[in-house]
Every structure is written in C-alpha cells, then in structure tokens.
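Number of protein chains: 2
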Amino acid sequence: MSTKPDVAFIGLGAMGFGMATHLVKVGYSVTGFDVWQPTLDKFAAAGGKTATTPAAAVEGKSVCVCMVATAQQAQQVLIEGESSAATALPQNAVILLCSTVPCGYVESLAAQLADPNGPVRRPDLLLVDCPVSGGATRAADGTLSIMAGASPEALSNEAGRTVLSDLADPTRLYILNGGGIGAGSNTKMVHQVLAANQILSGPEAMGFAIRLGLPPNAASLEALLASPGRSWMFGHRGPRMIDGFQPLASAVTIILKDTAIITSEARRAGFPTPMTGVVENLLYTALGRGYGGDDDSSLLRLFTEGAPTPSSTETSPESVKLVVDLLKGIHLASAAESLAFAHFVDLDLDLVLDLCINAAGGSAMLEAYGPSIVAVLRGEPAPAPKGDGSDTETLADIYKNLAHAVDAAQQIKAPIYLGTQALNLLRLALRKTSSDNAPASAAVNVWVQ
Amino acid sequence: MSTKPDVAFIGLGAMGFGMATHLVKVGYSVTGFDVWQPTLDKFAAAGGKTATTPAAAVEGKSVCVCMVATAQQAQQVLIEGESSAATALPQNAVILLCSTVPCGYVESLAAQLADPNGPVRRPDLLLVDCPVSGGATRAADGTLSIMAGASPEALSNEAGRTVLSDLADPTRLYILNGGGIGAGSNTKMVHQVLAANQILSGPEAMGFAIRLGLPPNAASLEALLASPGRSWMFGHRGPRMIDGFQPLASAVTIILKDTAIITSEARRAGFPTPMTGVVENLLYTALGRGYGGDDDSSLLRLFTEGAPTPSSTETSPESVKLVVDLLKGIHLASAAESLAFAHFVDLDLDLVLDLCINAAGGSAMLEAYGPSIVAVLRGEPAPAPKGDGSDTETLADIYKNLAHAVDAAQQIKAPIYLGTQALNLLRLALRKTSSDNAPASAAVNVWVQ
Chain E
1 MSTKPDVAFI GLGAMGFGMA THLVKVGYSV TGFDVWQPTL DKFAAAGGKT
51 ATTPAAAVEG KSVCVCMVAT AQQAQQVLIE GESSAATALP QNAVILLCST
101 VPCGYVESLA AQLADPNGPV RRPDLLLVDC PVSGGATRAA DGTLSIMAGA
151 SPEALSNEAG RTVLSDLADP TRLYILNGGG IGAGSNTKMV HQVLAANQIL
201 SGPEAMGFAI RLGLPPNAAS LEALLASPGR SWMFGHRGPR MIDGFQPLAS
251 AVTIILKDTA IITSEARRAG FPTPMTGVVE NLLYTALGRG YGGDDDSSLL
301 RLFTEGAPTP SSTETSPESV KLVVDLLKGI HLASAAESLA FAHFVDLDLD
351 LVLDLCINAA GGSAMLEAYG PSIVAVLRGE PAPAPKGDGS DTETLADIYK
401 NLAHAVDAAQ QIKAPIYLGT QALNLLRLAL RKTSSDNAPA SAAVNVWVQ
Chain F
1 MSTKPDVAFI GLGAMGFGMA THLVKVGYSV TGFDVWQPTL DKFAAAGGKT
51 ATTPAAAVEG KSVCVCMVAT AQQAQQVLIE GESSAATALP QNAVILLCST
101 VPCGYVESLA AQLADPNGPV RRPDLLLVDC PVSGGATRAA DGTLSIMAGA
151 SPEALSNEAG RTVLSDLADP TRLYILNGGG IGAGSNTKMV HQVLAANQIL
201 SGPEAMGFAI RLGLPPNAAS LEALLASPGR SWMFGHRGPR MIDGFQPLAS
251 AVTIILKDTA IITSEARRAG FPTPMTGVVE NLLYTALGRG YGGDDDSSLL
301 RLFTEGAPTP SSTETSPESV KLVVDLLKGI HLASAAESLA FAHFVDLDLD
351 LVLDLCINAA GGSAMLEAYG PSIVAVLRGE PAPAPKGDGS DTETLADIYK
401 NLAHAVDAAQ QIKAPIYLGT QALNLLRLAL RKTSSDNAPA SAAVNVWVQ
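Quick mapping for you: the protein sequence lines, in order, are chains E and F. So that you can map any letter, position 285 of the first sequence is 285 in UniProt numbering, and since no number is skipped, the others follow by simple counting. So that you can map any letter, position 303 of the second sequence is 303 in UniProt numbering, and since no number is skipped, the others follow by simple counting.
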C-alpha cells in the first residue's frame, strides 16, 4: 500500500464533498476549502480539516484537488483570486483539476503556470487534467470514472496517482498516456455529448409516448428500457420522470454547463455538433421557463405541454415500437457525433468507447454500433458482427423506422426535436453512401470529410 | 377581353372569400360553397350565388376553383363526400386546385380522376395544380402570386387561364410549362421553406435582440430591416412583434400546416430539410402552449421567456450587428435548403428564385446569393458579382460572424435554434469545400451529393 499524501481539496459541492469525505474515510489527511461556510463546518464534522483561503488549504500539501464548478472558479481559486492556491503550493506539488472545464481552459491554465513572466511562475507544479464522471453517490464511494491527461511526469507522479486511484473505480481510471493536457477534458467532453443528448432523448421519447397514449407508468418505462432504445440516462432518470421529478438528483443547470462546453469547444475547433446544438437550445428554453434548478428528469415538461393525459393503462406494442425507433435513431446519431468529435480532437477511440459504454453515456446503440463507427472513422474494415443480431441493421433500416416514428409524431403534432434532427442527419449520411445496404455505422459519414 | 366563364368556388375562408368576391366584382357569375352558413350568407350579400353542396355549386360551371384548407378537405369536396364536385362537373370542365397541398396529394387526385375503375371516372376533367401566395389582402385585390402546373391541355384551357389571370398579379402568374401536375404544389412548397424559416427567424432574432438589451421598438426594428438581415416576413411581422401581436393577420396554425407539408414531402422524397425540421418542432411547442390561434408574430414569446425587459432605449450598433449576423446565417441556410429542394424535385430554378424573391419568401440574402446558389446546383459557373458589394462575402466570413453571434447568445443563455442549426450546417458545408475563399453560395454543398 502506498503512503497517503496530505491533500488539499478545493470545492466542496455535491461532488467535491463526497470525494473529499471519501478520502478522509480511507485515511487521508484532507484540508478542505469552500466559499460556503456551512459546508466547511459539515466537512469538519466529517473528520476533515478546513481552511479559509485556497492558499491556506494548500500550504505544505503535495496534492491539491480542485473540484470547483467552472473554469472561471478554477481560475479564481488557483491563479487570480486573493490568496489563490498556485503560488502557495510547495515545490513540485500536483494539481488534480477534476472540474469539468473546456480543453481550452486547461491548456491556458498549464500555460499560465509555466509562464516565466506570468503572475504565478510555477513551472515546477504538476498539473493533471482529470475530470470525473459518475454522480454524487459514486463520488462518495470512491468509485468514479476518471479520465486523466497530463505530461508524462505529472501522470507518473506517485502522490497524484495514489489519490486518483482512491477516488476512482479501479476499472474506470483511464490514464490517457500520450494525450497530454486537454485529453482528460476532451474525453469528458465527448462523453458529455452522449450524456447531454440522452438526458434529453428520454424526456422527448416519454413525451412522445404519452402523446401516443402510453401511460407514464412503470410498465411503459420497463418496455422502453428493455429495448434497443435503452440508455443509461433513461434508466436513471426514467423513474423520476414518472414520479413527479423527485428527488432532485441532477439539476438542469448542471448538464447545461457541460453542454455549453461542448458547443463552445466545437466552435473553437471548427467541428459541427448539430445534435448537441439542439440540446443546448432546449436547455435554454427550460432555463427561461424557470426549470434551471429542477431535476433534469423534469425536462419532460418541454414535451408534454398541451398533451392530453393518456386514459389507457395499456402499453400498446405498436406505440412502444414507434418510441423505440425514435430513441434508436437519436442514439445512433448522438453516438456518431460523439465518436466523430473524439476522433477530430485526436482521442484514443477504443478508450473513449470503452469509457462511454460503461458510464452515464452508455446506450444499446452505442454498444451495438460504436465499434463499427470507430472503424469507419479510422478507415478500417468493420469488426465482425457479434452474432446476436444486435448490430446488423442497415442505415436505411434505422432511417426508415425513424421516419415512421416522425410521421406518427407529425400526425399527433408532438415536438420531437432530436428525432427530427437525427432523421435529417441520417438522411444526409445516406446521401453520402454508395450502397443501399450501408451498415448503421455509416451514420458517421455526416462528419467524415 | 376574354369571355368570363361561370365559376364554382368551393371554400370561402379568409383567402377563398377574398378571391371569390374579387371575381364577383370584376364581373363573374360565381356560385360559392362553404360548410359554414354565415360565410355563405356574407357571400350572397357580396353579390355571389350560393349552393348547399359542392355538386350543386359546380353544376353547369366550366371552372371550379377549390380553395379549402387541406388535402383531406379537397378529397372530401371533390371526390369522397356526399354530393362531391367531381362527378357533377360538366364535360371538360377545369378544376383549379388553389389549396396548398402536398405534391403527393395532387398527383393522387389526378390519378383518381383518371382511374377508369375509380369512384368518379372523369378523365375528361382538366386539373390544374395552382396554389397561391400573398395573403388575404392580395387575394381580395386579385393580385396574388399563383404557380400553376398541369398537363399542356389543362394549362392552355381558355376558361381556366382567364380565371387565373383575374386572380393573379400579372407579373406574378407563374405558368409552369412542362412541369405537369405537382409542379405548382412543389413550387409553393419550396417557397414555404423560406416563409416558414423566416416567420421564425424574425422572432428568434428579436428575442436575441431583447436579451442583448435592445429595446423592442421601432428604432431597433428599423435598424434590423435596413440591414442584409432583412426579410419580407420580418418586415411584415416585425411591427406586430413590438405591438402586442395585434392585429391577427396569420395564425400559427397556418404556417404549421404548410411546414408539415414540407417535411412530410421531404421524407417521401428522401430529402433532408434540417432548417425546416427545427421550425416545425418550434411550431409544435407553440401549439402545445396554446398559441395556435394567435398571430404568428407572437412566436416571439418562444424566445423571450425569462428574459429581462431591456431598460435602455438606445440601439447599440454592436448588438445590432450580432442580430444581423444571426439573421444572415439563418437566411443563407434557408435559401440553400429551399433552392436545393427545388432542384431535387426538378423545378425551374430561375422561375422559383424570381417567384421567391418577389413574394413572402424574399430576403436580402436570397437576393444576394440565390443566383449563385442556383449556379452551384446546376454545376454552372457563378454569375458575375452585382458590383455593389452585396453578394461577395465568403462562406467562411458568414460562418465566422454567425459564430460570434452564437458565442454571444451562449453568454446570455439565449435560445437561438435556427442560428445554431445554420451554424452547424454552414460548418458542414465548409468541410466540403476545398478553398478557404469559397463563396457564400457554397452553403448549398450540404445538400449536394
């Protein structure tokens, strides 16, 4: 067992508090900092030490975990604020930046630390770009997914690795060797393409189901979750969609923040993200209606306004099929957008796919067609089919079934923003394929130049 | 002057009543039919004759104008309903189908009339597919835009041509020689791509302007309408946007009906309409909120929810530029989608462009770049620039300016669905062009195989 370094922990929000108290539980000396005094009191009660400035928290600590909410906050606590952390850290300390921030920000942070004429001049500090995924429960259990990029020296630093290992599930600690600073944030970003799309596809599908007359109950949900339309997000949010959007597990503003990172980085890189673009606008609409602080399962309200409450308690197989076909089309398009973006920013596609399938971005369609989408992106032959029939549909099949769902939605005047977008993207992809029997993975041709 | 044939007029709604009474005014004997008795009484008071069934209305008339609201209604009054018109019309009479219907419907109507085993067996009847555009005022003035396709025999029929000439503005009667049945409906449809997108782009732009702090007043509107972001629709709806959405000129449900025709025909043809797809979903959202019967200028409400009322009365040039750049990007994308669809359904692109520029689909961007988009679609060299600098921007310029507007919208969390869609489409188009200096017309490359 390796020696546990003393840790400074900056940012004790829903995620950070769980992570920091987990470290305390497994034997670390952790000094926490947060701007919200009641949180600090609570952390002290859980066995942590506390400090009233970032500088005081990091004094003498060889590892500083930063888990604030935004790049602006990270810049404040690490560099610009009064008594910020960077200048106060001991020589050769490690900064584990676990916040979800744009790749562009973490690159600029590395440059600021190293700048010999900058405000901090700390080229000795070892910055690790290591956003996390998994939610508050896994944060508190030390079983997060973590994707870590940095210089070889920072990545191999013993103290930093020890802390990361104790925060992550052992099978879900992704060390992005060779990726460098930005690879962690980019990996999180492409995962969030799936997360964002699938946080919305569930409500859109459930709203469509309700308008088709399916009762919003456990039986309907079960039918949808047992299908190729399933996603991790729908499994997680679905029960709250049929149960008054309670309890509050993840607010609309959380995914909105990550979605804005995706689209702003896409603009910076010159990459099109039409699926996520639709998601972002729906989230702004939700924000304008005052839903920002509500659980994101409540986005269902965007799709049920004006809909009659279903009078039936029966789950019609025909209606279930339409909803499943809607979800399949959306999830194929979001898988293609996510993996194409990962390829565009030079990530290791095998690692990204493995990570996404086993995290909140997972879906049946990603599992089925992700490997062959990766092959298309690399210009390699498609992998052999799994043999269970789950991954052998053609693009034309998925398009045709989605088109039937869109026809049905039009008849009942149901808003299906993502389904419509997916349909148009799959149609653009079909126009770029030479064969009528192109596999579903050809959806990614929209993004292939 | 030609002899005025006796006319049966079926469907006396906002448009039909104006058209029918105009015919009465200029000397026709017109027998009207409508399901709504008060309308019939009003028509009688205006000098028309009335009938209580379609069959009674058409008895002995050599021309039957059908101006009902939907394909379903047309099918009822012409073919399927009790005492429907088709069987009762005299030999070789002309049916002028002025309703906006899908091309697929008018093709099926022609087939039903001609079918020797069908319910009516009237191959002698001359069907003209001639939807109109221009609104209720121009309907009543006899100055509509009319786009007419049919067999050569039907198109050259004297009685039918006489009536069409009296309903249309002489410069806006588009006889689609060689187009056949469907060409009129398709021409209207591609015009409505522009109409639908521009009915929404005005509210989206005005909502963005308000969130940027521009006062929703005449000065702001004037600044936007004097720019390359102008459109006929914004000029028409803009004053009502800043004046409480009054008076009711065109309800949300009207453009929704035409939008559904566009997207369903696009699915039938296998053509992607990503811009119009977004519009349709926004309209369903509006419908769900109960805005269906309101003037479509009130779609502004979709974009201002939760927005603070601007406190300034000043119109900042920087903010105006952002809004103009948003509109320019949207209108370039909608022009490309419309003309590419026109090309896909084999319409005469010069005629379509001329019609659209001079009708409700007009915009500064269509005027500037429409001719060069047509050249791209035909694989011809671009026309010479006009010399006034209005048509020489590159695709990269328009993209870059739109991206700045989208950045600004993201900062203030403004929903800009069409702007985001246009941005992603222009980015896809840029990826398909080999040169950094590709002209703006290269936007249409999204749709070029």
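Hints are supplied without guarantee of correctness; some may be wrong.
Copies of the same chain look alike in the list, so a pair counts if it works inside one copy or between any two.
What the hints assert, rightly or not - Below 30 Å or equal to it, Euclidean Cα-Cα: the simulated DSSO-like pairs (lysine-lysine) are: (1) Lys25 / Lys413; (2) Lys321 / Lys257; (3) Lys400 / Lys432; (4) Lys321 / Lys386; (5) Lys42 / Lys386; (6) Lys321 / Lys413; (7) Lys25 / Lys432; (8) Lys400 / Lys257; (9) Lys49 / Lys386; (10) Lys42 / Lys257; (11) Lys386 / Lys257; (12) Lys400 / Lys49; (13) Lys25 / Lys321; (14) Lys49 / Lys413; (15) Lys321 / Lys49.
Rather than coming from a laboratory, the hints here were simulated on the basis of the structure. In this text the structure is predicted, and so the values were computed from the model without any measurement.
Q: Identify every previously stated hint that the structure contradicts and give their numbers, smallest first.
A: Failing hints, ascending: 1, 5, 7, 9, 11, 12, 13, 14, 15.
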